[in-house]
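**Student:** If you're matching them up, the sequences are chains A and B in order.
Following full-length UniProt numbering, the numbering of the first sequence begins with 1 at its first residue and continues without gaps.
Following full-length UniProt numbering, the numbering of the second sequence begins with 1 at its first residue and continues without gaps.
Worth flagging that the hints you see were computed from the coordinates, not collected in a lab.
For clarity, every value in this text was computed on a predicted model and none was experimentally measured.
Just so it is clear, CB atoms sit at the ideal spot from N, CA and C, and this is done for glycine as well.
Some clues are possibly wrong.
[To be verified] Here are the simulated SDA-like cross-link-like pairs (lysine to any residue), alpha carbons at most 25 Å apart as the crow flies: (1) B/Lys19 <-> A/Glu164; (2) A/Lys19 <-> B/Lys45; (3) A/Lys181 <-> B/Arg71; (4) B/Lys188 <-> B/Lys169; (5) A/Lys37 <-> A/Glu16; (6) A/Lys188 <-> B/Gly180; (7) B/Lys40 <-> A/Gly210; (8) B/Lys52 <-> A/Asp48; (9) A/Lys53 <-> B/Val55; (10) A/Lys217 <-> B/Tyr176; (11) A/Lys188 <-> A/Ile97; (12) A/Lys19 <-> B/Glu152; (13) A/Lys181 <-> B/Lys53; (14) A/Lys53 <-> B/Leu110; (15) B/Lys193 <-> A/Ala208; (16) B/Lys52 <-> A/Gln22; (17) B/Lys181 <-> A/Gln226; (18) A/Lys45 <-> B/Thr232; (19) A/Lys3 <-> B/Thr232; (20) A/Lys45 <-> A/Gln230; (21) B/Lys143 <-> B/Asp119; (22) A/Lys217 <-> B/Gly191; (23) A/Lys25 <-> B/Glu115; (24) B/Lys52 <-> A/Phe65; (25) B/Lys169 <-> A/Val28; (26) B/Lys45 <-> A/Glu16; (27) B/Lys169 <-> A/Ser62.
[Claimed, not checked] FRET-style restraints, in silico, Cβ to Cβ: (28) A/Val96 <-> B/Val59: 26 to 36 Å; (29) A/Gly73 <-> B/Ile2: 37 to 47 Å; (30) A/Glu98 <-> B/Gln132: 45 to 55 Å; (31) A/Asn151 <-> B/Ser144: 58 to 68 Å; (32) B/Lys188 <-> A/Glu107: 48 to 58 Å; (33) B/Lys3 <-> A/Glu98: 48 to 58 Å; (34) B/Gly61 <-> A/Gln132: 20 to 30 Å; (35) B/Ser118 <-> A/Asn151: 36 to 46 Å; (36) A/Ile2 <-> B/Ile2: 20 to 30 Å; (37) B/His160 <-> A/Thr93: 44 to 54 Å; (38) A/Gln106 <-> B/Gly61: 47 to 57 Å; (39) B/Tyr148 <-> A/Ile2: 45 to 55 Å; (40) B/Arg71 <-> A/Lys188: 24 to 34 Å.
Protein chains: 2
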Amino acid sequence: MIKYQQIAIEIETYIEEHKLQQGEKLPVLETLMAQFKASKSTVTKALDLLEKKGVVFQVRGSGIFVRRHKRTGYIGLLSNQGFTSELEDFQLTSEVIELDVRKPTQEAALNLNIEENSDVYYVKRVRYINGQTLCLEESFYNKSIVTYLNNEIVSQSIFHYIKEGLGLKIGFSDLYLHVGKLNGEEAKYLGLKEGDPKLFIETLFHLANGQPFDFSKVTYNYEQSQFFLQATSHVL
Amino acid sequence: MIKYQQIAIEIETYIEEHKLQQGEKLPVLETLMAQFKASKSTVTKALDLLEKKGVVFQVRGSGIFVRRHKRTGYIGLLSNQGFTSELEDFQLTSEVIELDVRKPTQEAALNLNIEENSDVYYVKRVRYINGQTLCLEESFYNKSIVTYLNNEIVSQSIFHYIKEGLGLKIGFSDLYLHVGKLNGEEAKYLGLKEGDPKLFIETLFHLANGQPFDFSKVTYNYEQSQFFLQATSHVL
């Protein structure tokens with residue numbers, strides 16, 4: 001781990017452990033530099049990272065302040081780390097419905113930027129949170145990047161495996177949200193009624209080098225779907 | 001405007017006008033420094049801003065690449081600039097249902113971090129996109145910050161007025177999303193049926209100094225609700 005990441009983790013841990021409240025001021029830059037025996041640019045990078053993560057906010061000429069906001073029981077929509085790491089406080093399990101190697105749909109091929117005769121891993125799962133259905137998930141993984149999956153892996157955290165097992169670096173992602181009504185099949189898997197509300201999210205995940213590797217379509221159980229999001233100001 | 005912001009705008013405009021595609025490589029840092037007659041740190045700040053905005057992505061040791069993703073007809077959930085600037089391509093209008101000064105609800109007072117006997121501006125609007133109902137919006141503005149509103153202002157872009165008219169600097173915001181079913185009143189305003197799906201978003205907007213100034217509760221017409229979101233990698 002790079003030093004500024006280490007410093008960021010230590011500051012975040014300090015905020016958590018001391019239960020600092022929204023708006024509480026952190027020590028000034030010079031104090032942090034002395035405390036972590038780090039240069040100004042390293043501490044600044046650590047603080048920028050924490051600001052991106054929504055842990056602090058910086059007010060020019062005034063200082064660095066704690067940002068707290070998370071209502072409990074809400075799922076962070078933009079963690080980009082997969083649910084499992086996001087939902088540490090919850091009991092999350094998966095039931096694998098389908099897992100195979102196949103040709104992508106036209107839509108998946110287009111999104112993954114691959115030929116229609118390429119191979120993808122197709123995974124269909126129902127995910128449970130504290131024993132309730134959370135979502136029905138269909139994912140298409142570019143097999144030339146995610147070269148191997150099996151039942152044991154996909155019953156757990158696929159993203160953990162991709163990072164730790166395959167050593168891939170996950171980058172940015174694009175999310176598209178819709179609200180609609182459940183069809184019969186979706187309702188059956190989620191234990192709801194046809195016509196009930198649904199939140200439908202399509203996500204295209206990219207590696208850090210910009211290659212899309214996972215096109216995923218997720219239908220959420222509206223009774224379990226509480227999400228939070230943060231917006232940072234980046235005014236042009 | 002600060003120089004790095006100016007450079008960011010010029011790069012973004014260049015990408016738009018030349019219709020550069022996802023993955024196209026931008027000139028190297030040295031070329032951009034020469035082109036904009038700017039220091040390395042200024043160009044780096046411009047690129048960091050564009051990365052936050054989702055306009056480019058940087059691959060260490062490899063370069064800066066164009067990020068394009070936006071499906072047309074999707075509303076950016078995290079623009080934080082208010083809809084009007086986000087939806088330039090659409091015809092957006094508002095019908096004001098209520099506008100008055102009142103005491104906040106307990107919930108609004110808690111979120112805005114004010115006493116329950118303080119004054120807030122309460123605004124209830126139906127917003128239309130291309131003539132269709134987009135959402136029903138209820139907002140509570142801390143009157144000691146947003147000191148004046150009238151019917152003409154709230155029929156247009158309130159955020160534009162807050163920035164340009166009142167000279168306030170808008171900072172970060174926290175969003176909470178739920179999916180549920182419309183009640184009778186919501187259905188009436190949106191022209192839908194009771195029990196139809198709804199997306200419900202509560203947002204707490206803060207000034208750049210961290211003060212919350214607007215607590216807003218918005219119920220979306222599911223037939224018009226297509227949102228996109230970007231996640232950037234900021235792994236700890």
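**Student:** Confirm or reject each hint.
**Tutor:** Results for each hint:
1. B/Lys19 <-> A/Glu164: Answer violated: B/Lys19 to A/Glu164 is near 37 Å, above 25 Å.
2. A/Lys19 <-> B/Lys45: The given pair, whose Cα atoms are some 32 Å apart, is violated under the 25 Å limit.
3. A/Lys181 <-> B/Arg71: 22 Å, holds
4. B/Lys188 <-> B/Lys169: Not OK: B/Lys188 and B/Lys169 at ~36 Å, beyond 25 Å, violated.
5. A/Lys37 <-> A/Glu16: Holds. A/Lys37 to A/Glu16 sits at ~22 Å (cutoff 25 Å).
6. A/Lys188 <-> B/Gly180: At roughly 18 Å apart (the allowed maximum being 25 Å), B/Gly180 and A/Lys188 satisfy the hint.
7. B/Lys40 <-> A/Gly210: 24 Å, holds
8. B/Lys52 <-> A/Asp48: At roughly 11 Å apart (the allowed maximum being 25 Å), A/Asp48 and B/Lys52 satisfy the hint.
9. A/Lys53 <-> B/Val55: 19 Å, holds
10. A/Lys217 <-> B/Tyr176: 21 Å, holds
11. A/Lys188 <-> A/Ile97: 13 Å, holds
12. A/Lys19 <-> B/Glu152: This hinted pair is violated, its Cα atoms lying about 44 Å apart.
13. A/Lys181 <-> B/Lys53: 32 Å, violated
14. A/Lys53 <-> B/Leu110: Within the cut-off at roughly 24 Å; holds.
15. B/Lys193 <-> A/Ala208: Given that 25 Å is the threshold and the Cα spacing comes to 44 Å, the pair is violated.
16. B/Lys52 <-> A/Gln22: 23 Å, holds
17. B/Lys181 <-> A/Gln226: Holds, at about 14 Å.
18. A/Lys45 <-> B/Thr232: 16 Å, holds
19. A/Lys3 <-> B/Thr232: 20 Å, holds
20. A/Lys45 <-> A/Gln230: 20 Å, holds
21. B/Lys143 <-> B/Asp119: 6 Å, holds
22. A/Lys217 <-> B/Gly191: 29 Å, violated
23. A/Lys25 <-> B/Glu115: OK: A/Lys25 and B/Glu115 at ~22 Å, within 25 Å.
24. B/Lys52 <-> A/Phe65: 20 Å, holds
25. B/Lys169 <-> A/Val28: 23 Å, holds
26. B/Lys45 <-> A/Glu16: 30 Å, violated
27. B/Lys169 <-> A/Ser62: 14 Å, holds
28. A/Val96 <-> B/Val59: 26 to 36 Å: 33 Å, holds
29. A/Gly73 <-> B/Ile2: 37 to 47 Å: Given a distance of about 40 Å, which is inside 37 to 47 Å, the answer is holds.
30. A/Glu98 <-> B/Gln132: 45 to 55 Å: 38 Å, violated
31. A/Asn151 <-> B/Ser144: 58 to 68 Å: At roughly 59 Å between Cβ atoms, B/Ser144 and A/Asn151 fall inside 58 to 68 Å, so the hint holds.
32. B/Lys188 <-> A/Glu107: 48 to 58 Å: 37 Å, violated
33. B/Lys3 <-> A/Glu98: 48 to 58 Å: Given about 54 Å between the Cβ atoms, the range holds.
34. B/Gly61 <-> A/Gln132: 20 to 30 Å: 45 Å, violated
35. B/Ser118 <-> A/Asn151: 36 to 46 Å: 58 Å, violated
36. A/Ile2 <-> B/Ile2: 20 to 30 Å: Hint holds: Cβ distance 28 Å, inside 20 to 30 Å.
37. B/His160 <-> A/Thr93: 44 to 54 Å: Holds, at about 47 Å.
38. A/Gln106 <-> B/Gly61: 47 to 57 Å: 35 Å, violated
39. B/Tyr148 <-> A/Ile2: 45 to 55 Å: 49 Å, holds
40. B/Arg71 <-> A/Lys188: 24 to 34 Å: Given range 24 to 34 Å: holds, Cβ gap about 29 Å.
Hints 1, 2, 4, 12, 13, 15, 22, 26, 30, 32, 34, 35, 38, counting from the list given before, are not met by this structure.
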